[in-house]
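Enquirer: Residue strings, one per chain:
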Amino acid sequence: MTDTHDMRREMPLGLAQRGYTGVIRHLAAKEAGSALSDIELESRLIELGFVEGARVEVLHEGLVGRDPIAVRVDNITIAVRRREAMAIIVA
Amino acid sequence: MELPLLHLALVGTPNSGKTSLFNALTGSRQKVANYPGVTVERKEGFFVTPLGRQVSIVDLPGTYSLRGRSPDEEITRDFVLGKASGEIVPDLVLCVADSTNLRLTIRLLLELKRTGRPLVLVLNMFDIASRRGISVDVVRLAKELGVPVVTSIAVRKGGTADLLKLTDEISARLASEPRENSWRALSVPELRATQREADRIISDCVSLPARPDTLTARIDAIVLHPVGGLIVLALILFVMFQAVFAWAQPAMDLLKSGFDALGAFVQATLPDGLLQSFLQNGVIAGVGSVIVFLPQIILIFLFILLLEDFGYMARAAFLMDRIMGGAGLHGRAFIPLLSSFACAIPGIMATRVIDNKRDRLTTILIAPLMTCSARIPVYTLIISAFIPARDVWGFINLQGLVMFGLYAAGITSALVVSFLIKFFMLRDYAPAPFMLELPDYKVPRLKSIAIGIFTRAKMFLQRAGTTIFSMMVLIWFLASFPQPPAGATEPAINFSLAAIIGKAIEPLLAPVGFNWQIAVALIPGMAAREVAVAALGTVYAIEGGKEAAEQIGQVLASKWSLATALSMLAWYIFAPQCASTLAVIRRETGSWTWMAATFGYMLVLAYAASLLTYNVAVALGAG
Chain H
1 MTDTHDMRRE MPLGLAQRGY TGVIRHLAAK EAGSALSDIE LESRLIELGF VEGARVEVLH
61 EGLVGRDPIA VRVDNITIAV RRREAMAIIV A
Chain G
1 MELPLLHLAL VGTPNSGKTS LFNALTGSRQ KVANYPGVTV ERKEGFFVTP LGRQVSIVDL
61 PGTYSLRGRS PDEEITRDFV LGKASGEIVP DLVLCVADST NLRLTIRLLL ELKRTGRPLV
121 LVLNMFDIAS RRGISVDVVR LAKELGVPVV TSIAVRKGGT ADLLKLTDEI SARLASEPRE
181 NSWRALSVPE LRATQREADR IISDCVSLPA RPDTLTARID AIVLHPVGGL IVLALILFVM
241 FQAVFAWAQP AMDLLKSGFD ALGAFVQATL PDGLLQSFLQ NGVIAGVGSV IVFLPQIILI
301 FLFILLLEDF GYMARAAFLM DRIMGGAGLH GRAFIPLLSS FACAIPGIMA TRVIDNKRDR
361 LTTILIAPLM TCSARIPVYT LIISAFIPAR DVWGFINLQG LVMFGLYAAG ITSALVVSFL
421 IKFFMLRDYA PAPFMLELPD YKVPRLKSIA IGIFTRAKMF LQRAGTTIFS MMVLIWFLAS
481 FPQPPAGATE PAINFSLAAI IGKAIEPLLA PVGFNWQIAV ALIPGMAARE VAVAALGTVY
541 AIEGGKEAAE QIGQVLASKW SLATALSMLA WYIFAPQCAS TLAVIRRETG SWTWMAATFG
601 YMLVLAYAAS LLTYNVAVAL GAG
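Keeping their order, the protein sequence lines are chains H and G. Final position of the first sequence in the numbering used here is 91; the numbers increase by one with none missing. Final position of the second sequence in the numbering used here is 623; the numbers increase by one with none missing.
For reference, chain H alone in the conformation it holds in the complex (with noise of 0.2 Å):
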């Protein structure tokens, strides 16, 4: 984590616009409205690599709502809607 990233304001990825880059700083499940359950939420994004610290970048948005974005985390691609990266909280 640079300086730059510590001095920008926290907000869910799920709100980022194309092109957005920043650090995840923590997880937040119950912000999501998803369909799973907080634990389970929190699981799946962490299995898919989405811990305290993973570089993202949004690479796409879909056509429909900007829905769903493709997520580069570290070094691979995630596609997860944004409800879902609702509880993602980047900086």
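Just so you know, the hints here were simulated from the structure itself, not pulled from any lab data. Don't take every hint at face value.
Unchecked claim - Each computed DSBU-like pair below joins lysine-lysine, with the alpha-carbon atoms no more than 30 Å apart:
| no. | chain 1 | residue 1 | chain 2 | residue 2 |
| --- | --- | --- | --- | --- |
| 1 | G | K442 | G | K165 |
| 2 | H | K30 | G | K422 |
| 3 | H | K30 | G | K442 |
Since the structure of chain H is provided, determine the placement of chain G on it from the hints.
Expert: Using the frame of chain H, we list chain G on its own:
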């Protein structure tokens, strides 16, 4: 002394190249079956190590953890823990990693270690990693993880030599290793801790280049473009269906003339009578008319396997997620539905990747509406008999266009049905999440694809040899007995059981323009849709004599009106009759009700579509 068979299990995350490693190790020595009680595909293969040890290896479903949140993942967990019923505990677990993407696999490996099973980490696709400038300190990695690590290049000849050597070394000392299982489902903090541990080990042992895979990024810039991506997807599907219709033709003509020659040979060699009729009309005309479609089935599987291997399927799911969401479908349903173009059975089985029960049920109910390859024989036969082979706008084949239209009709009706299901039955529920890895693009592995096509072609031919063959014998029998009385002037078939049955059903089907010959053909079509073609072949062959057997298309063109032909095409967009699909639906949903519901709604749609098509066509003067 002969050593006992060594049992290996392949575990890895999706896209780790597990299956290509499996193919590289075993070649075509594979056995595909189901695990008892569940419909998870069980792939076992065999090979011999350099020291002569016989090895059995099972390719387990891909998973990110041992939590087991779907039937597939439960199998992987139970198999590794030795709890899967009827399975032997594996002597050695090979954890396969994509060397360009170690994070998730190292975490999985740390979890696997807790099971106490002897483990090896296989760094697959090591060549791609080296080319991208990723360097792995293999010795240090092995020390940090506490398990042997070996590199492999599954796609290259000799690329698995190190793994084979290591297997020999490990199998020699297996008995002495302790086997304590301390695994239990990880809590969220434990999960996070293992991922941290994995990241620490990776940062110590692996140096990653700053630049990502630029080729994948450049392809994705087009393929995942919100609008451009959808155009590319539509183009791919269009080329696929044009190809299936146009490119397969020469090979099909060749097969067809082969069967015709065989039929003529039997006719010339054997004396007139029942045996000649049985071989020529029942066996050769019947089974031959189905085997002729092998080239098309190979082509459609070629496309599906190529797209899967290339890494495009996950992209298609990404592009289609919200669009299908409008019809109440999950993005992950795209892959099962696309597989249903080959056959609804693997398609319905593939719905297991959808972990939400309702999403899965919707997908299962509409999968049979996707135009499966068994409908191709019916479509091809009728199209080539009734639709002129000319070009429209100079470059699009009209027959291909009609074929594309039939596929489009299937897709559209599937979306509408899904929308109605969501609207009327499953109104109040939050959409299940869509989370999917988009793997880096890879050059498709020709050997893997060849093995995939080979297994499927074999399954098709086996079906032709068993189910279809026995149905043909039955049809021939029904169409040949009882024999006409001496001195009868009408065609022999008019006195047969087939005619009696067909004429009994005919009044029901008359409003949609079907004659009694079609009614007869629809019944054995229950066993497999393509049998209808063979059955028509047999019925008209026995009715019309030897000339008819050779030219079923021309016979249809002279006996059916255009309206009947179009009505038949409309019927087959929905055609509920396929006993194996219904059986799979029964098994996958665990319910006779859903099976009956599927059959019922498809039958209603088929009848309504045919009724409409026939009457519109007659009104327009095609009757």
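Enquirer: Each hint needs a verdict: does it hold in this structure or not?
Expert: Do the hints match the structure? See the list:
1. A threshold of 30 Å between alpha carbons decides the hint, and for G/K442 with G/K165 the separation of about 27 Å falls inside it, so the pair holds.
2. This hinted pair checks out: H/K30 and G/K422 have alpha carbons roughly 27 Å apart, not beyond 30 Å.
3. A hinted pair counts as satisfied when its Cα atoms are at most 30 Å apart, and H/K30 with G/K442 does not qualify at roughly 37 Å.
Consistency note: the structure conflicts with earlier hint 3 alone.
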